[in-house]
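*Asks:* Just need the whole structure built from these sequences, with the hints factored in.
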Amino acid sequence: MLAEDALALLESLEGEADLILTDPPYGTTRLPWDEEPPWEAFLSLAREALAPRGNLVLFASGRAVYRVMAALEALSWPWYELVWPKRRPTGFYDAGRRPLRAHEWVLVAPARWGESIYRPQKWFAGLSRGKVRRQSNGSHWKEAEPVPYEDDGTRYPLSVLPPFGLTPEEARLGHPTQKPLALGQYLVLTYSDPGGLVVDPFAGSGTFGEAALSLGRRFLGAEKDPRWREVARRRLSAVQGALL
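Numbered by full-length UniProt numbering, the letters in the sequence shown go through residues 1 to 244 in order.
It cannot be assumed that every hint is accurate.
What follows is a set of in silico ranges between Cβ atoms, one per label pair, in the way DEER data are often shown [to be verified]:
1) Glu73 with Arg98: 23 to 31 Å
2) Gly96 with Ser12: 43 to 51 Å
3) Arg98 with Leu243: 42 to 50 Å
4) Ala182 with Thr90: 16 to 24 Å
5) Pro157 with Pro99: 41 to 49 Å
Hint data in this document are derived by calculation from the structure and do not stem from the laboratory.
We treat Cβ as the ideally placed atom computed from N, Cα and C, and that holds for glycine.
*Replies:* Structure, rendered in structure tokens:
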């Protein structure tokens, strides 16, 4: 399903969304499509829409980062940040005045801190060391003792995400703020469970919808631009057809 209005979509959901994964307008340009939503109103509706163990995962950049942070703080909604390093920097027009922009922020706000879904996507750091013994820290007067543990070569994820990039096929879609499908899939795997409902109120070309459907989640989205809404509709229909 693809609706037109982001706020209306959120308002229609009461505790149903397992993951709200979205890339809203940042207001970093004067282009008509780049108008920021009213952050406190948007976040209030997002919070009401989330299931008890749900997560809001929201991209932001520029001054919008601090406006979103301020709105989250005003709502007393705990959050933490991730950083997505981009393979292709932007901001060449200002290259003589400031560094090129090669990252975006991803803000994560769990519905319930410590209780919301979190499935860390471990990465392989090297060869497995098998069973090893690590020296523990002694407490007070007790002498430290070696603690056995299994090292399978994997490590917990960092706050800096892998540098996912667009494939040539994704780039050909031509959306001005296109995000890589692999990045969307990584976040869907981390912050939702199979069968859960993923919601994107600013669906664009449907990347996060494809990520959700391809991984066995359900999806609802909204996109006000009729051109991109049609692109997303066709894209998601193709994914659903391929899964049947």
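*Asks:* Hint by hint, note whether the structure agrees.
*Replies:* Now for the hints, and whether the structure bears them out:
With their beta carbons about 27 Å apart, Glu73 and Arg98 fall inside the hinted range of 23 to 31 Å. Between Gly96 and Ser12 the beta carbon distance is about 47 Å. The supplied range of 43 to 51 Å therefore holds. At about 44 Å, the CB distance of Arg98 to Leu243 agrees with the hint of 42 to 50 Å. At about 19 Å, the CB distance of Ala182 to Thr90 agrees with the hint of 16 to 24 Å.
About 26 Å separates the C-beta atoms of Pro157 and Pro99, a value inconsistent with the hinted range of 41 to 49 Å.
Hint 5 alone, counting from the list given before, is not met by this structure.
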